Amino acid sequence: MSSAIEVDSLVVERGRRRVLHGINCTVAAGSVTGLLGPSGSGKTTLIRAIVGVQVVKSGTVTVLGEAAGAPALRRAVGYVTQAPSVYADLSVRENARYFASLYGLGAADADRAIADVGLADAAGQLVGNLSGGQRSRASLGCAMIGAPRLLVLDEPTVGQDPVLRADLWAKFHALAAAGTTLLVSSHVMDEAGRCDRLLLIREGRLIGDDSPAAIRAAAGTEDLEEAFLRLIRDSEQVTA
Amino acid sequence: MNLRITLSTAARILRQLRHDRRTVGLLVVVPAALLTLLYFMYDEAGGTFDRIALVMLGIFPFVIMFLVTSIAMLRERTTGTLERLLTTPLGKLDLLFGYGLAFGLAAAVQAGVAVAAAYWVLGLETVGTFGLVVLIAVVDAVLGVALGLFCSAFARTEFQAVQFLPVVVIPQLLLCGLFVPRAQMAGWLQATADVLPLSYAVEALAQVGAHPDATATMWRDLTVVAGAAIVALVLAAATLRRRTP
Numbered sequence: 000m001s002s003a004i005e006v007d008s009l010v011v012e013r014g015r016r017r018v019l020h021g022i023n024c025t026v027a028a029g030s031v032t033g034l035l036g037p038s039g040s041g042k043t044t045l046i047r048a049i050v051g052v053q054v055v056k057s058g059t060v061t062v063l064g065e066a067a068g069a070p071a072l073r074r075a076v077g078y079v080t081q082a083p084s085v086y087a088d089l090s091v092r093e094n095a096r097y098f099a100s101l102y103g104l105g106a107a108d109a110d111r112a113i114a115d116v117g118l119a120d121a122a123g124q125l126v127g128n129l130s131g132g133q134r135s136r137a138s139l140g141c142a143m144i145g146a147p148r149l150l151v152l153d154e155p156t157v158g159q160d161p162v163l164r165a166d167l168w169a170k171f172h173a174l175a176a177a178g179t180t181l182l183v184s185s186h187v188m189d190e191a192g193r194c195d196r197l198l199l200i201r202e203g204r205l206i207g208d209d210s211p212a213a214i215r216a217a218a219g220t221e222d223l224e225e226a227f228l229r230l231i232r233d234s235e236q237v238t239a
Numbered sequence: 000m001n002l003r004i005t006l007s008t009a010a011r012i013l014r015q016l017r018h019d020r021r022t023v024g025l026l027v028v029v030p031a032a033l034l035t036l037l038y039f040m041y042d043e044a045g046g047t048f049d050r051i052a053l054v055m056l057g058i059f060p061f062v063i064m065f066l067v068t069s070i071a072m073l074r075e076r077t078t079g080t081l082e083r084l085l086t087t088p089l090g091k092l093d094l095l096f097g098y099g100l101a102f103g104l105a106a107a108v109q110a111g112v113a114v115a116a117a118y119w120v121l122g123l124e125t126v127g128t129f130g131l132v133v134l135i136a137v138v139d140a141v142l143g144v145a146l147g148l149f150c151s152a153f154a155r156t157e158f159q160a161v162q163f164l165p166v167v168v169i170p171q172l173l174l175c176g177l178f179v180p181r182a183q184m185a186g187w188l189q190a191t192a193d194v195l196p197l198s199y200a201v202e203a204l205a206q207v208g209a210h211p212d213a214t215a216t217m218w219r220d221l222t223v224v225a226g227a228a229i230v231a232l233v234l235a236a237a238t239l240r241r242r243t244p
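Protein chains in written order, with numbering that gives the first Met the number 0: chain A, 0 to 239; chain B, 0 to 244.
Keep in mind that the hints were calculated from the coordinates and are not lab data.
Being a predicted model, the structure only gives us computed values, none of them experimental.
There may be inaccurate statements among the hints.
[Stated by the list, open to error] A short, non-exhaustive set of chain B residues, derived as facing chain A with CB atoms under 7 Å:
hint	residue
1	Ile4
2	Arg14
3	Arg20
4	Thr22
5	Asp42
6	Thr77
7	Gly79
8	Thr80
9	Arg83
10	Leu89
11	Thr222
Glycine included, C-beta positions come from ideal geometry on N, C-alpha and C.
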């Protein structure tokens, strides 16, 4: 399987603090890859580097064969920031139609994306009047417009009820089955098991890169949360 | 730049404005209300109202649009929509000209109401025609939009954004010839006023006040103001970074 994302020796500094310490990883095309780690571990910084909005100190990020942030990728990569980045003073439909227009797409594509994230009934409402979970789904819907080849989602399921969360994960897998690559960050371990592959990041270093089953087997436990704790302890012993 | 994206961005900004009825109300009513205040202030002062009101018709849209745009752009920045937009096919100039177009149209409505109130309710009299006054007011508003977009690049918070009003707008207001004619100022002040775009807007309005037809000076002044607006928009695009630390 070819890789959609290749990260090579990526170092990022924010201010005087080094946030990523030489990350190496690849994300297979057509897969759902989970980027997991505690808050403050560097997940968002890595995601920003992949979508090409982060100033990097050294290393390279290659996305779909191009340098991250290349103009050709602006049609191919959908990005959902952690805070819902949609216009609170527009309705869901107006938001979706605006983002569709940026890709040269029309109202039908916008409406389909709204339905895909389960907001058809709320399409006429102002985003500012929606619940937190609905708002982040509106943001997700806007990123899915135009069928991007790579979807990069920063904590898309925060604040969603369990049923919707299951629906969204089913949607992610359906997209992957159709060839889309998804990189999904989360700090909720029970979502890790839903991914094809996991990247575990802690304090700016990658400490795990494998399938959930392999991580479970290596750690000798069925519980992914426990497996991660063991990985973290192991990595601390190595650095100590 | 892509015309379709620029237009749809302008339409999006106008839709946002439409949902905010209070802002629309303030935009439309405030300049006319302030002109009314001036009318009563200069009730006994002969032709002074005509001179001041004419200048104010150009200054109000400039100040108001500067403020509205710097906050609007800052909101794009702080809510993450700007970061997202910059990962899409939208060009930086599409966004900035979209703002210029949307608020330019809003300014046309605002100027139309203010000019109508000034001429037909408050009895403003000028030798030249009111259509030219509206035109100058709109170009002036676009200058306000462009400077607002440019300045918002240097503001991290709303507190900082509003502080650019005293820094960028008030000096132009003081030196534009409203308080003291430019020709009577000290040489270095005159030289400063000569490079500030608002001085040209005020001079253009004075030309409409004094001449029945559009003069060459008026067109030159209007070109200077429009040119300054374009330069500010291009500078704003240059300060807009796709990659941030």
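- Query: Hints broken by the structure, by number, lowest first?
  - Reply: 3, 4, 5, 6 and 11
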